[in-house]
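Trainee: Residue 1 is where the sequence shown starts when you use this note's numbering, and the numbers rise one by one after that.
Bear in mind the hints are in silico, worked out from the structure with no lab data behind them. What you are looking at is a predicted structure, and each value in this text was computed from that prediction instead of being measured. Yeah, the Cβ is synthetic: ideal placement off N, Cα and C, and Gly gets one too. Misleading hints may appear alongside valid ones.
Simulated restraints on C-beta separations [what the hints assert, rightly or not]:
(1) K67 <-> A154: 29 to 37 Å
(2) G179 <-> M140: 19 to 27 Å
(3) K162 <-> G78: 30 to 38 Å
Taking lysine-lysine pairs in the DSSO-like style, the calculated list, with each CA pair at most 30 Å apart, reads [unchecked claim]:
(4) K53 <-> K91
(5) K142 <-> K53
(6) K195 <-> K53
(7) K162 <-> K91
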Amino acid sequence: MKQSVWLAMLAISISLSASAHDFNRVDPFTFDPSDLDLVAARWINGIGCPSGKTTDPACPTGDKSDKDNAGLLLVKTGATANNTAAGAELKNVNGITLTELGYDIRSGSHCGAGAPRFNVVTNDGVTHFIGCASPPPAVMSKSAGWMRLRWLPADAFPPITKPVKSISIVFDEGQDVPGDGSGSAIIDNVDINGKLVGH
1 MKQSVWLAML
11 AISISLSASA
21 HDFNRVDPFT
31 FDPSDLDLVA
41 ARWINGIGCP
51 SGKTTDPACP
61 TGDKSDKDNA
71 GLLLVKTGAT
81 ANNTAAGAEL
91 KNVNGITLTE
101 LGYDIRSGSH
111 CGAGAPRFNV
121 VTNDGVTHFI
131 GCASPPPAVM
141 SKSAGWMRLR
151 WLPADAFPPI
161 TKPVKSISIV
171 FDEGQDVPGD
181 GSGSAIIDNV
191 DINGKLVGH
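Work the whole structure out from these sequences, hints included.
Mentor: Spelled out as structure tokens, the structure:
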């Protein structure tokens with residue numbers, strides 16, 4: 001009897017361990033310690049890369065559970081020097097070994113060396129950075145409206161060689177950055193190891 005209880009507990013433990021590594025959510029956040037009200041981060045229905053009822057060539061696949069074509073809007077109004085950021089936390093990634101990461105980004109969005117970027121913290125406490133334009137992404141597909149961007153763990157600064165503790169997307173470049181001057185980005189279908197989350 002004791003052995004069967006132990007085996008049942010082991011099975012539950014293995015099941016919980018597997019589910020702990022099941023990337024399934026991208027939760028928006030804002031960092032605004034001085035209450036400047038210059039940043040926003042939220043999923044908005046109807047602004048994502050269509051890969052459901054209608055499709056876009058840049059997004060041949062998408063999050064099948066996204067029934068409302070949601071997109072993640074990230075905005076930083078004003079100057080980069082303002083101590084604010086928009087972003088999103090990727091849930092249930094602790095313990096995974098990264099093989100790829102990426103997202104779809106809408107044309108006209110800011111895509112700089114530092115934003116939107118992945119901040120990947122590995123289990124040794126090291127933070128690794130992957131910016132939208134630095135290192136250069138692999139453009140997997142493209143249309144007039146969207147691009148699908150991908151990076152390998154070796155592309156990060158420094159390269160990612162350890163299991164993951166946490167992953168976030170950070171948008172902290174404002175309207176003063178040379179280039180588009182939008183201070184905003186719309187992304188969709190956040191990719192971790194081939195699994196896409198888009199709502």
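Trainee: Against the structure, test the hints numbered earlier, and report the numbers of the ones violated in rising order.
Mentor: none
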